[in-house]
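Residue numbers (the working numbering), protein chains in the order written: chain Z, 1 to 435; chain W, 1 to 263.
Accuracy of the hints is not assured; some may be wrong.
[Stated by the list, open to error] To spell it out: a stretch of chain W is covered by chain Z in this simulated footprint if at least three of its residues, at any positions, have a beta carbon under 8 Å from a beta carbon of chain Z; those stretches are: (1) 94-105; (2) 147-160; (3) 171-178.
The set of hints was computed from the structure by calculation and includes no laboratory data.
Here a beta-carbon is modelled for each residue, glycine too, at the ideal position from N, C-alpha and C.
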Amino acid sequence: MSLLLLGMSHRTASVELRERYAVEDARPVLTKLVASPEIDEAVLIATCNRVEVVVWTHALDTARLRLRSLFERELAREGAARPDELDAALYELVDGAAARHVLRVACALDSLVVGEPQILGQVKDAYRVAVECGACGPILGRLYPRAFATAKRVKNETGLAERPISVARVAVDLARQIFESLADKVALLVGAGDMIELALESLRKHGLGGVRVVNRTPARAAALAARFGATAHGLDELPELLRRSDLVLTCIGGERPLLTAALVREALRERGHRPLFAIDIGVPRNVDPAVNQLDTVYLYDLDDLASLAEANARERQAEVERAEAIVAAEQQRFEGWLGALAAVPTIRALLARAEEIRRGELERGLAGLELDARAAAAVEALTRGIVSKLLHAPLSRLREELEGEAGLAHLEAARTLFALDDEGTSSDEDPDEGS
Amino acid sequence: MGALELHQWTAAAYLAGSVAAVVGLGVRGRRWLRFAVLILALAAGLHGLAFVALHRLEPTPALTELPLAVSLAAWLLVLSFLALQLRVPGRGLAVVVAPAAFLGSVFAAFSATPPDARASGSALWSHLHVLLASGGLALLGVAGAAGLLYLVHHRAIKRHRVAPHSALPSLESLDRANALGLSLGFLLLSLGVVTGVLWVETREGRLWPGGLHANATLFAWLAYSALVFARFGARGSARFSAIGSAAAFALLLVVVVGIGAVR
């Protein structure tokens, strides 16, 4: 039995390629997958950064072909990748490596922005869908909850989630250093390009009181504002809007700074002493650097934000290492459990062999004696007790060792020493039921 | 356990709170700051018990004695800080409040109090004077601490040297703490001055005793009057208020504690 993972992610495939393998509804795919004889369990995760299928299979080679065919024929939309392109984009992981990958994905260690919180919700959704359509069994049903518990440990025991590295997040966190709450603050976004759109999305997510978009072309501002529930304005309204805003983010074309020190000073006169946080991510810069000299204005340009993001990334490296150690420990726990599962047939065979010997010897011994029922029962109990006590220590030790690396060697030794034949026994049972 | 031992345990708890707060700010760990606030709350409880034990002593030491008055101000400072947490998010203030409380309680714990130090004049006015003036000192201490942290934080943000996940409170929170401490503290300090005048009147039969302590206190009160007017009357900036609060509190400390200790 093997754990197999096949997928593509932001590390191996471009966004154009990933788009062609986007999955809107995983249910029909999972239903078809588990209907295949070689696949026992399956989970499919599809986000904008990855498409991955994880299966538990009793026929590894056939399952490989089945998953490959899934990507080639079932998931591919129009304009699917060429075989060589798909080969380069797909990665395959088996057993321990696959389990480790699932844990790392849930902990956002494999994310584009390491430590981002969204991925855990997406993995939980993928698992829920698999459970709902009956594609999840005891193995993946153990692996995914273990992944969620690992993600919780990483969140609680490391500072990974507290170190944002995207420019928009850094800007929001800086704003929190200035303002007590963002809920009653108004943001003014100058420009309507991609950067402004990203920032708008991030600001909305963090619950700003109001957002206004200003652009040279009011129609573009209006289109962007409509998408995010903001209001759109022309550049001529800038001085007036500046007076009523707390956070200004600019990214607009132009040779000269749009926000001059004189313009901001004029706005401050009517604002009283309320602080103004200005973020200039335009190249060339849209805000005159002299603005930062004004008492209640805090100006950050792209370089300032990038250096903060870099500093965070450096600090996060230590946290990433701590998170990886947690993942490794949890992976070992899962593999120990999986190993113990593999030991069930051996344990059962050993118990059966002992019982067989006990019965044989008991019958032979009792045949020459004329014991009453009470005495016979006492002898029976005595033999049971001896066998049980003799086997207790080796079986307990075997279970313990299976949690570690030497577990399989011990299992093999037990099978050889006791000459066990485990044919015809099932391995789908919980190891704790063995005794 | 005696009053002195309780005061010593209180000082030790304030020291532990100071360490937790400094570590919290150093490693930017909010859990450490929460822990520091918890320790401060426990220490404030111990401090209260120490005052109860003092009250039961025979003869009861007078609150007008400088070590006890400073200890009372330190206790009220911590209580004000804890009460402030209900209105303004600012656990980071513990980094200033806890060491100040530690110094105040150490001063009381290791200063000898005369065996019979009953204050002369009206006990009512003397107690009211000490309570109100100590309360004022505590709240103005909160304002000064908030002002000091505001200046540090403002400078770091201006110079782009702040970490986005810094454990310091936001500038707005610090400014609100400053305004709250300044307004309430000035009110209590003013009432403390008035009750002090009434106490002197019952003791000496005149309204103003003169002397270094009284004149310097009046000077500090005038400085605070100007600051309060600039902040609330003339709508001065948060930074101006922060500088003024920190400087005026330093002056008040010199006047109340410094001159008192020299005498």
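Margin query: Going through the numbered hints above, which ones does this structure break? Give me the numbers in ascending order.
Written below: 1
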